[in-house]
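Engineer: With chain A held as given, fit chains B, C and D onto it using these hints.
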Amino acid sequence: MEVGLGVKQRMAARAAQEICDGMVVNLGIGLPTLVADHVPEGRRVTFQAENGMLGYGRTPERGREDPNLINAGGLPVTEEAGASYFDSTIAFGMIRRGRLDLTVLGALQVGERGDLANWLVPGQRVPGMGGAMELAQKARKVIALTLHTAKDGSPKILPECTFPLTAREAVDMIITDLAVIEVTPDGLLLKEVAEGVSVGQVLSATSARLAVDRNPGCF
Amino acid sequence: MEVGLGVKQRMAARAAQEICDGMVVNLGIGLPTLVADHVPEGRRVTFQAENGMLGYGRTPERGREDPNLINAGGLPVTEEAGASYFDSTIAFGMIRRGRLDLTVLGALQVGERGDLANWLVPGQRVPGMGGAMELAQKARKVIALTLHTAKDGSPKILPECTFPLTAREAVDMIITDLAVIEVTPDGLLLKEVAEGVSVGQVLSATSARLAVDRNPGCF
Amino acid sequence: MSRADDAADPTALQTVAGPGKVALTLAAEPGKVAPLNRALEVFHDGMTLMFGGFGGVGTPPTLIRAILESGVRDLTLIGNDSGFPEVGVGPLIVNRRVSRLIVSHIGSNPVAGKQMTDGELRVEFSPQGTLAERIRAGGVGLGGILVDVGLDTIAGEGKQMLVLEDGVTYLVESALTAEVAIVHARKADRSGNLLFDKTARNFNPFVAMAGDFTIAEADEIVPVGELDPEEIVTPGIFVDMIVQSEGVGWKWAWE
Amino acid sequence: MSRADDAADPTALQTVAGPGKVALTLAAEPGKVAPLNRALEVFHDGMTLMFGGFGGVGTPPTLIRAILESGVRDLTLIGNDSGFPEVGVGPLIVNRRVSRLIVSHIGSNPVAGKQMTDGELRVEFSPQGTLAERIRAGGVGLGGILVDVGLDTIAGEGKQMLVLEDGVTYLVESALTAEVAIVHARKADRSGNLLFDKTARNFNPFVAMAGDFTIAEADEIVPVGELDPEEIVTPGIFVDMIVQSEGVGWKWAWE
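Residue numbers (my numbering), protein chains in the order written: chain A, 550 to 768; chain B, 550 to 768; chain C, 28 to 282; chain D, 28 to 282.
Pulled out of the complex, with its shape left as it was, chain A reads as follows (with noise of 0.2 Å):
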C-alpha cells in the first residue's frame, strides 16, 4: 500500500495538535519532520535537533539552504530567535536529563504496553538506533506516528514486537493513518479514527488489543 502525502500531511498535522504552547519538542527522521509545518497557529515551539541545536526553524526557500545549518535528518533548517548551537552530547544532555517535552518517532512496531521497534528488520536492515533509544526513553512524551501497517498489510501493532526494541514502555501516544491511539496503565484505547474509517476498520488492522473509547472523535 502506497501512501500518499495527503495522508502523511494530515497524520503530521494530528501530531502537531499534541504541542502544547512552550514545550521543546524532538522530530525524528522521517514522517515525523513533516509534524514541524503543523504547529498551530499561536503555539510557541522549540526544536531541538540531536545533532546539537535548539530553537530551529521552518525549512528554507530553495537555494537559501545553509549546508552547516542542519537538523538531525540531514536537512536544512533555519535558526529561530533564542537559537543555540552545541555539541551532541549537550544535546543528548537535555534529552537524558528529561529536557525534552515531547518527541515523535516512526515506528516499525509499537507494542500494546508502549514498547517501540524502530531501528532493526532481523535479515534485512539494520540501519542502527542513532538517537532513537535516548529519545523514546528520555523525553516526558512520545509519540509514535507510523502507518497502521506494513506495506504488505500486517499490523504494526501487536500485542509484542517482535522486532529488537528501540525502549520498553516508551510509546504514550500512537498516531497513524487511521487511529489515534492512547498508550493507558489498562492498555491501548482508541480514541480516534481518522475521517472516513470505521473502528471495525481500525480494530481489523490492529493486532494487539484496543479498548474503543466511549466517544471515539474523529480527525
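Please keep in mind that the hints were generated in silico from the structure rather than gathered at the bench. Note that the structure is predicted; figures quoted are calculated from it, not measured. Treat the hints with care, since some could be wrong.
Stated by the list, open to error - Some chain A residues judged to face chain C by a derived CB distance under 7 Å, without partners named:
no., residue
1, 603
2, 630
3, 631
4, 633
5, 634
6, 648
7, 721
8, 757
9, 759
10, 760
In this text, a Cβ means the ideal position worked out from N, Cα and C, and glycines have one as well.
Structural biologist: For chains B, C and D alone, coordinates are given in the frame of chain A:
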C-alpha cells in the same frame, strides 16, 4: 624556621629553569605560584589554570585586577594572546588526557619513589585535595617545590610518606631551599645544592636514601 | 515516556519546572525572569543545593545573600569548595546553615575546617576533576563515571571499583544532581540562554545542567534573540528561572 | 609523572605530539599549521581514525579526500555515522578502505549496510548519545561512563553492568580514543584554538579531545590572538596540527 622571600624566589627561579620552550604548565597554590615570574627570557610558555583558563599571564598592576580573571589559587592574572576560557571539566580533561607538560606542586612530604603527600595532615588539617591528585598523577612532569624540612626541622623527604598520599610515584623532581633532587628508577639522586649549602647538610636534612650525583651542581 | 515522576502531563507546561520536584507557577512573568522573592520560594530546610563558582568567583552573590537572609538551614551544599569566610558560599557555612558539604577542598575557609573537626559539618571530598565530572554526569543524565584518579590513595578507599574488559581498574564515581542549582552568569536572555565571564565560568555550565531546578543570577538580562547562538554557553533549556544580580557584595580575598 | 609511555622527556617538546604514539617534527612550520602532505604522514593501514561530523556535515572534506587518495586501508572508523555514499566518510567505505565501524547508525549509507551484510565490514552500534559520551570520556581521560539507555534492549546485551549503591543498574560503556582524530573547524588560530559553524559543531569538539593526535581542517586560519577567548570552543591544547580546508567537494544529500 621562617624562610625569607629571597629564598622562596630562588627556589621558584630554579623551578622555572625546568620550563622548556612551548610547554603547557600548571602551577599549584602557594610557593609554586611564584614560578610564573621567573620564566627565562625568550621561552614561550602557556599557563593553564584548572578553574578553566589556558594562556594566563603575569599579575596585573595593583588596582587593575579583574575579579573574574583569576588563577586556580584565587589570585588575579592577565590574559595573553591566544588565551581561552572553558569550564572546569574541560580544564581537567586536558590534565587527565596527558596534555600538560609540567606541573609544579607544593608538598608536605615526598617519598623516595616519588610518592607525594600534600592534602591532609592527620589530626591537624584537612584542606582537601582540590585538583592536586589529577595534576600529580597525570602531568607529564611533576616538580615538588617545597622547603627541605618542616617547620619543626623534621625531614619532608622520606623513605615513605607517613601522611595520606596525593599520588603514588608521581614526582619527577624535588626542588627545595637546599637542593635539586631527581627521582630516578634507582631512587633519589642529588643533582644540585643551593649556594652556600654543603652536600652533607642536604644529606642530614633528608631521611630518604639519597644518592649523590658524581658532580653536583649549584643553584 | 520518561521514567521520572514528572509524567507526560500537559498541564505541567503551565509551570516552570525542572525534571525534579520543584514546580513554580510563573504565569505573571514573561519568560523565566523572576523577582528575587520568587526565587526564595524554592529554598527550604534540609535541601540539597548545588552552586557554581571556584573560590567564590562565579558564585551568585545575590542569591547567596538572599538564602542567608531567608534563614534556611540544614543545607547540603555541592560545589567546588567552601569559599572564603566572607566570599562565595562561605557565609552560609560561617552562619551554620550547612550540615553537609560535597567539595574538593575547604582550605580557603578555616571555619569550615573547624566545624568539620568539631563534628558539626560533614564533609565529603572528591578530587576536583572527579567532582566536576560527577556533577556534569548528573547534568547530562548519566549514572556515573569511571576514573583512575586517586585510585591507590585513601580518596579511593571504600569506593566501588570496576575492572573494564581491557583489565584496567577504575573507581566508580556516581553522578551528582541537586534539587536546586544556582549559577552566576554575565548575561542571560529571557529564555535562559547564558554567557559567563572569563574564569567565572568554571563550574557554572555543568552545575546549571545538574539542577532539577536551576536558577541563574545574571549581571545583565537581555531580550531573546540578542545573544549570538554560536556563543551561548548554557542553552536556556537547562535554566528554569533568572534573577537580576545586584553585584558582588563581598571583598575579594586578594584585595 | 604521567603513567603513559610518553614519559617526561624534554626532547619530546621538539615534536608535535599528542599523548599517544604519533609524533611528527614540525620545526619548519610556525605554530601547528602544516601542508596537507605532512598530515598524510600520520595515516597508515590498520589504524584507528576518529572523525567529527553528523551525516557528513562537519566531517573534514579535504582530509577525507586526501586519505582516500593516499590509499590507506583496513581502517577502524569511530564517529557518529557512515555518512552518505558520496558525503562524509562515505567514500572511504564505498572504496573499501574501512574494515570496522563504531557508529550509531549507517542508515544513510546503503553501501555500508551491504558490506556489513556481506561480512566485509564489522559494525558496532552504540546509541548516539552513549557514543558521544564514550568519545568525550576518552577525550577527557575517563575510563568510561554509566548509562541506562538501551539497558533492557539488545543494545545492552553482552555488556558489563553495574549496580550503583542506590540499587540502580547501569550499563558500563568504555571510553573511546583513537590514534588520530580529524575535525572540521570554521576558524582556527595557529595555536589550534577552534570555532565551528552552526550544526557542523556536532561531534567535533569532543572528537578533537579524543585523538591521541588531532588534526583540524579549518576553513580559515588566523593569527594567534584574533579569536575571542570567550568564544573558543576547542582550546588549542587538544589540537596537534592544522591544515587549510579546500572546501566541501561533495554534493549534499538534500540537494
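Engineer: Now, for every hint given, state plainly whether the structure supports it.
Structural biologist: Against the structure, the hints:
no., hint, verdict
1, 603, "holds, 5 Å"
2, 630, "holds, 3 Å"
3, 631, "holds, 4 Å"
4, 633, "holds, 4 Å"
5, 634, "holds, 5 Å"
6, 648, "holds, 5 Å"
7, 721, "holds, 5 Å"
8, 757, "violated, 17 Å"
9, 759, "violated, 19 Å"
10, 760, "violated, 19 Å"
Consistency note: the structure conflicts with the earlier hints numbered 8, 9, 10.
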